[in-house]
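Taken in sequence, the protein lines are chains A and B. Heads up, the first sequence is in the working numbering, so the first residue is 2 and it goes up one at a time. Heads up, the second sequence is in the working numbering, so the first residue is 2 and it goes up one at a time.
If you are wondering where the hints come from, they were derived from the structure by calculation, not from laboratory data. Treat the hints with caution; some may be incorrect.
As the list makes no split between identical chains, a pair holds if one copy fits it or if it spans any two.
[Unchecked claim] Simulated pairs of lysine-lysine, BS3-like, Cα-Cα distance not exceeding 27 Å:
1. Lys207 with Lys175
2. Lys347 with Lys64
3. Lys175 with Lys355
4. Lys225 with Lys195
5. Lys200 with Lys175
6. Lys225 with Lys200
7. Lys52 with Lys64
So you can see what is in the structure, the chains are spelled out below.
Protein chains: 2
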Amino acid sequence: MRQNLDNWLDAYSARAHNLSVSEVRALFAVVSRPEVVSLAGGMPYVAALPKDLLREAYDAMMKSNGDLAIQYGGGQGDAKLRDQTRELMALEGIRSSVEDIVITTGSQHGLELLSGLFLDKGDVVLAEGPSYVGALGIFRHYQAHVEHVLTDNDGMIPSALESTIKALKAQSRKIKFLYLVPNFANPSGVTLAKARRAKILELCRKNHILVIEDNPYGLLFFDKPVPDALRSMDEEGIVYLGSFSKILAPGFRVGYVLAPPAIRDKLVLANESAILCPSSFSQMMISSYLEHADWKGQVETFRGVYRERRDAALSAMEEHLPQLETTRPDGGFYLWVTLPDGLDSKAMLPLAVKELVAYTPGTAFYGDGTGQNKLRICYSYPTPDRINLGIKRLSTVINLQTELQETFGKKGKK
Amino acid sequence: MRQNLDNWLDAYSARAHNLSVSEVRALFAVVSRPEVVSLAGGMPYVAALPKDLLREAYDAMMKSNGDLAIQYGGGQGDAKLRDQTRELMALEGIRSSVEDIVITTGSQHGLELLSGLFLDKGDVVLAEGPSYVGALGIFRHYQAHVEHVLTDNDGMIPSALESTIKALKAQSRKIKFLYLVPNFANPSGVTLAKARRAKILELCRKNHILVIEDNPYGLLFFDKPVPDALRSMDEEGIVYLGSFSKILAPGFRVGYVLAPPAIRDKLVLANESAILCPSSFSQMMISSYLEHADWKGQVETFRGVYRERRDAALSAMEEHLPQLETTRPDGGFYLWVTLPDGLDSKAMLPLAVKELVAYTPGTAFYGDGTGQNKLRICYSYPTPDRINLGIKRLSTVINLQTELQETFGKKGKK
Numbered sequence: 002m003r004q005n006l007d008n009w010l011d012a013y014s015a016r017a018h019n020l021s022v023s024e025v026r027a028l029f030a031v032v033s034r035p036e037v038v039s040l041a042g043g044m045p046y047v048a049a050l051p052k053d054l055l056r057e058a059y060d061a062m063m064k065s066n067g068d069l070a071i072q073y074g075g076g077q078g079d080a081k082l083r084d085q086t087r088e089l090m091a092l093e094g095i096r097s098s099v100e101d102i103v104i105t106t107g108s109q110h111g112l113e114l115l116s117g118l119f120l121d122k123g124d125v126v127l128a129e130g131p132s133y134v135g136a137l138g139i140f141r142h143y144q145a146h147v148e149h150v151l152t153d154n155d156g157m158i159p160s161a162l163e164s165t166i167k168a169l170k171a172q173s174r175k176i177k178f179l180y181l182v183p184n185f186a187n188p189s190g191v192t193l194a195k196a197r198r199a200k201i202l203e204l205c206r207k208n209h210i211l212v213i214e215d216n217p218y219g220l221l222f223f224d225k226p227v228p229d230a231l232r233s234m235d236e237e238g239i240v241y242l243g244s245f246s247k248i249l250a251p252g253f254r255v256g257y258v259l260a261p262p263a264i265r266d267k268l269v270l271a272n273e274s275a276i277l278c279p280s281s282f283s284q285m286m287i288s289s290y291l292e293h294a295d296w297k298g299q300v301e302t303f304r305g306v307y308r309e310r311r312d313a314a315l316s317a318m319e320e321h322l323p324q325l326e327t328t329r330p331d332g333g334f335y336l337w338v339t340l341p342d343g344l345d346s347k348a349m350l351p352l353a354v355k356e357l358v359a360y361t362p363g364t365a366f367y368g369d370g371t372g373q374n375k376l377r378i379c380y381s382y383p384t385p386d387r388i389n390l391g392i393k394r395l396s397t398v399i400n401l402q403t404e405l406q407e408t409f410g411k412k413g414k415k
Numbered sequence: 002m003r004q005n006l007d008n009w010l011d012a013y014s015a016r017a018h019n020l021s022v023s024e025v026r027a028l029f030a031v032v033s034r035p036e037v038v039s040l041a042g043g044m045p046y047v048a049a050l051p052k053d054l055l056r057e058a059y060d061a062m063m064k065s066n067g068d069l070a071i072q073y074g075g076g077q078g079d080a081k082l083r084d085q086t087r088e089l090m091a092l093e094g095i096r097s098s099v100e101d102i103v104i105t106t107g108s109q110h111g112l113e114l115l116s117g118l119f120l121d122k123g124d125v126v127l128a129e130g131p132s133y134v135g136a137l138g139i140f141r142h143y144q145a146h147v148e149h150v151l152t153d154n155d156g157m158i159p160s161a162l163e164s165t166i167k168a169l170k171a172q173s174r175k176i177k178f179l180y181l182v183p184n185f186a187n188p189s190g191v192t193l194a195k196a197r198r199a200k201i202l203e204l205c206r207k208n209h210i211l212v213i214e215d216n217p218y219g220l221l222f223f224d225k226p227v228p229d230a231l232r233s234m235d236e237e238g239i240v241y242l243g244s245f246s247k248i249l250a251p252g253f254r255v256g257y258v259l260a261p262p263a264i265r266d267k268l269v270l271a272n273e274s275a276i277l278c279p280s281s282f283s284q285m286m287i288s289s290y291l292e293h294a295d296w297k298g299q300v301e302t303f304r305g306v307y308r309e310r311r312d313a314a315l316s317a318m319e320e321h322l323p324q325l326e327t328t329r330p331d332g333g334f335y336l337w338v339t340l341p342d343g344l345d346s347k348a349m350l351p352l353a354v355k356e357l358v359a360y361t362p363g364t365a366f367y368g369d370g371t372g373q374n375k376l377r378i379c380y381s382y383p384t385p386d387r388i389n390l391g392i393k394r395l396s397t398v399i400n401l402q403t404e405l406q407e408t409f410g411k412k413g414k415k
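Please work from the sequences and hints to get the whole structure.
Written as C-alpha cells, this is what we have:
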C-alpha cells in the first residue's frame, strides 16, 4: 500500500509552505454537479462563441504557418500577436510599442512572474479590499504581506490609499507595488472612477510605488465604455496586464503584459526561465482569430450575454433578497453582496450547497481574514433562469440563517 | 523620447538579479538568418509531422468537447490526458496512477515549479556535468548552487556522485535534489548505463536526496530502447518529468510530472498559483491526437529522421574534423564535441557565425564557468546536407584557430 506520509517534508523551501488550497478551488468539485446552480467559479460563457470562427482561424493558421504554430517560439511571444494586442489596448486609450509587450500564459502568469521580479519575503503589496483571489494567492506564495485599501462603489478611495501609504512608511515597510483591477473588479464588480484614477496615480508617483493594472474585464462593459486605462496616463510607473480569457476564451491561456522597457526585459527572461516560450499554437490561433474573425462583433455578443445575466442577477436579488446590499456592476461577471451583520458566508456555504446553490465566500478575497459577511455571485456562466433559481435558493438559506440569528442572538456576540 | 533608465532598480527582488540572458538565447537572432547553418538551437523537426494528423485531432476534439477545450480546466490537468501519459511512461517500465500526474506548461514549467517548491537561497542542486542549460537557468534564478558531478560516456559516474555528496555533507551544505537527464542527455547525448541507475538511486536513497528524472528524449532511440526509467525502480524518491515537445511538437507547451503524492499536492497548488490551469486547448489537442493518430508510428518516423541526421553529423565529423573527440549518441538531438586544448568555443562563435555556421558554446551547460573547450552540435533541425555543410564550415574555423594557436602559442599560457 502507498504511504501518504511525506518523506520530503524537511526538504521544501520556505515559500512552499505558503501554498494553500484556495477557497474558490475547493468549490470546483461541487460546481461540476449539474443539479447545483453554481454562482461560484468565474467561468466565461464560451458557448456563446461560434466554433466556426475557431475553425476558420485554425485552418488559416495551419495553411500559412503550420510548422511555426507547433514549433518553439521566442520568449517574448509572437510578434504579430503582440502587434494585434496594441489595437485592443488602444480601445482604452493606451499607446504602446510592440517591443514593450510580453505574451504570458494567461495574465495570471504575467502577475506571477512580475511578483517574482519584485517581491521578497515581508514586502508589502497594496490592493483593493476586496481583491482578486488568484492575485492574493500569488502574493502569499511569495511571502508578501497584502495591505488592503478601503474601496467603495467608485473603486479604491484615494484618501484611504494616502493614509495607508503614510502608515506603512511610518513603520518603514517596503511597499513594492499597488495591484489594481480598475474595471468591473473581481470580486466587487465596481469600476474605479475617472477622477480617482489620476489621484491614485499621483499618489503612487509621489511615493515611488509601481502600479500593476490588471484589466481582464474592461471591454465587457454593458452601457458605456470604461474610463481610459491608468496606463494611458503614465508610461513609466505602470505595468498593464491584459487577457484573452474573457473576450475570447480562457482555454488558450494567453494574456499579455505591457511594461516599461527595463521591467519588460526582466519579464522576458523570467518567462523564458519558467516556460521557455509561450505556446505558439495558442498564440497563433488567437492571432489568426483576430485577423479573420469579427472579434469586435463577438465582444459585442459577449456583452449582450453578460448584460442579460447581470440584469437577471439584480432582478433576482430584488425579488428574493431585497433586504441585502449588493453592488450594481456596469460590466464584467460579479455581484458583491453584503449579508446581514453576524452572518458568516463561509460557515453558510455547506448549507447553501445542500440547497443546491454555490457562491464564493467573501474571506477568499481578503488577505487578512475579513469579509465574513460578504459573498461573491458570479452570473457569467448560468443562464438567466438558473441565476434566478440559484438566488432563490440562496435566499432560503440566508433567510433561515437570519431567522435563527434573530431567535438565538448574533454569533460572536454572546 | 523614451528613457531606458530603470526607475524601479531599487524595487526588484533579490532573485530578479539572478536572471541573465542565456548563451543559447543570444543565438536565436543569428539562427533565423537562412544563410547560417544553425547547429545551435534544440528545435525538433516538426515538418516531419503530417498536419493532417493534427487536423483530425482538432476536428475530433471540437466535435466532442468544443466548449471544454476553450474553457478553464483543473489545475492538475486534463484527466484523460493524464491517463494517456501513463501509456507513454509504461514504455520505459513505469507504473503510475493518474492521480499522481500533473500536466505542466512544457516540462520546463514542471521543473520551474518543483524548483520553487524545494530551493531556498544557497541550497545545492546536483547535476550532470554538463547539464541542460534551461535547468541551470532555473536553479540560478532560485539562487541555488549547482554542483556538477563527473559524467562520462555512460552518464553520471556513481563514485563521483558519492564523493561529491560526501564533500558537500562535510561542508554542511543542504543538497535539495539530484537533477538528471538519463537518456540522450542535453547537451552530451550520452545515456546513463543500466547498472549505474541502480547505484545512483541507492546513493540518493541512502543520503535522503530526491531525484528529478527529466526524460524528454527517451523514446527517440535509434537502435534499441533505453534502459528502464529510474522511476521504474523507486516510487517515493523520484519525480519524473515527461514532455510532448519532442515526440509530437513543442508549440503546444505540454509536459507532465509524475510525483509522490505529497509533492504532487504541492505541485498542483503551485501550478494553480502560477497559471490557474494548463491550457485546455493544448491538452485536449494532444489527447485527441494520441487517441486518433498512429502516434507510435509517428515516433518511429521521428526516430528515422533523427537517426539519419545523427549519421550525417557523425560522418561529417569524421570527414571534416577527424581529430576531434565527439560523443556518439544512440538517440536524441546532440553531439558533444571536445575542441583541441586551449581553444575557446565561446570566443570562437563570432568567427563561426562569420563562416555561416552556429553552435552552442560549452560554457552554457555548466554553472561554474567550465566547458570552454566544448561545444554542442544539434543535428535535429537541419537536413543531412546542411549538417555536412555546417560541420565543414565549422572545420574551417576550428582548423584556422588551431593553426593560429600552434603558431602563436596557446591562449592563457603566455
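Is it within a copy, between copies, both, or neither that the alpha carbon of lysine 200 lies no farther than 27 Å from that of lysine 175? within (21 Å within a copy, 49 Å between copies)
Is it within a copy, between copies, both, or neither that the alpha carbon of lysine 175 lies no farther than 27 Å from that of lysine 355? neither (45 Å within a copy, 49 Å between copies)
Using 27 Å as the alpha-carbon threshold, which applies to lysine 225 and lysine 195: within, between, both, or neither? within (13 Å within a copy, 68 Å between copies)
Lysine 225 and lysine 200: within-copy, between-copy, both or neither at 27 Å Cα: within (22 Å within a copy, 69 Å between copies)
At 27 Å max between alpha carbons, let me know whether lysine 347 reaches lysine 64 within a copy, between copies, both or neither. Close neither inside one copy (51 Å) nor across copies (39 Å); limit 27 Å.
Indicate which option fits the pair lysine 52, lysine 64 if close means a Cα-Cα distance not exceeding 27 Å: within, between, both or neither. Result: close both inside a copy and across copies, 18 Å intra and 10 Å inter.
Same-copy or cross-copy closeness of lysine 207 to lysine 175 [CA-CA at most 27 Å]: Classified as within; 15 Å inside a copy, 44 Å across copies.
Hints 2 and 3 from the list above are not met by this structure, while the remaining hints are.
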